[in-house]
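Go ahead and model the full structure; you've got the sequences and the hints to work with.
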Amino acid sequence: NAGVTQTPKFRVLKTGQSMTLLCAQDMNHEYMYWYRQDPGMGLRLIHYSVGEGTTAKGEVPDGYNVSRLKKQNFLLGLESAAPSQTSVYFCASSYQKGKLDETQYFGPGTRLLVL
Amino acid sequence: QKEVEQDPGPLSVPEGAIVSLNCTYSNSAFQYFMWYRQYSRKGPELLMYTYSSGNKEDGRFTAQVDKSSKYISLFIRDSQPSDSATYLCAAQNAGGTSYGKLTFGQGTILTVHP
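Chain order of the listed sequences is A and B. Count along the first sequence starting at 1, add 1, and that's the number in our numbering. Count along the second sequence starting at 1, add 886, and that's the number in our numbering.
Treat the hints as calculated values from the structure; they're not laboratory data. Just so we're clear, the structure is a prediction, and the values are computed from it rather than from any experiment. Careful, some of the hints might be misleading.
What the hints assert, rightly or not - Pairs of lysine-lysine, DSS-like flavour, derived with a Cα cap of 27 Å:
(1) A:Lys15 to B:Lys956
(2) B:Lys987 to A:Lys58
(3) B:Lys928 to B:Lys942
(4) B:Lys942 to A:Lys58
(5) B:Lys956 to B:Lys942
(6) A:Lys71 to B:Lys987
What the hints assert, rightly or not - Pair ranges (Cβ atoms, derived):
(7) B:Ala915 to A:Ser81: 33 to 41 Å
(8) A:Lys72 to B:Ser970: 16 to 24 Å
(9) B:Gly940 to A:Glu60: 24 to 32 Å
In this text, a Cβ means the ideal position worked out from N, Cα and C, and glycines have one as well.
Right, dumping it as structure tokens:
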């Protein structure tokens, strides 16, 4: 049981390049989330998904797109990277609301540097 | 104003000290409160989870919620160097959203030195 895994761990991009961050969970969770963490800002929700085939915007969605084609995977895409997207990205997953355990379980993070 | 405010510190204490970490929040709809611990270059992990007002104890850790003053606290007794980490408070609505949206504080960096 690996929990939540993220690839890659670290990436350097040039402004304007695109990339996809992959999140995978093996806990059969319905809900998945993408956060970014910046100094002094805490964790901010980018996009989330309440089930396979569904996605929704969070607090800071601009410049990002997501897809949830399979229940266990949640992809975060940057179409045209900007220096303001330099951050640490965390994926998380949880059971749906109403279940006894709604804890969000986090992955180890992806460090992204945009030059 | 952020819905959950947390003093980022840093906070440095000697081993064995009692540590008090605090957050305030502004949204009266918050019903669930959590503390996450994040070691350097790792993802956050849930430490404590409380519902509404009151205290909850787990070993050396005590979480306290005072809804009348919108104040959340985490106490660490007999602090150890292994407690050195960033501590994030988080709050969640009881309802009104179809997903478990968490609102995080900025995090407090704690160092416990031997």
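A quick look at each hint next to the structure:
no., hint, verdict
1, A:Lys15 to B:Lys956, "44 Å, violated"
2, B:Lys987 to A:Lys58, "12 Å, holds"
3, B:Lys928 to B:Lys942, "26 Å, holds"
4, B:Lys942 to A:Lys58, "33 Å, violated"
5, B:Lys956 to B:Lys942, "16 Å, holds"
6, A:Lys71 to B:Lys987, "21 Å, holds"
7, B:Ala915 to A:Ser81: 33 to 41 Å, "37 Å, holds"
8, A:Lys72 to B:Ser970: 16 to 24 Å, "37 Å, violated"
9, B:Gly940 to A:Glu60: 24 to 32 Å, "29 Å, holds"
In terms of the numbered hints stated before, the structure departs from hints 1, 4, 8, listed from lowest to highest.
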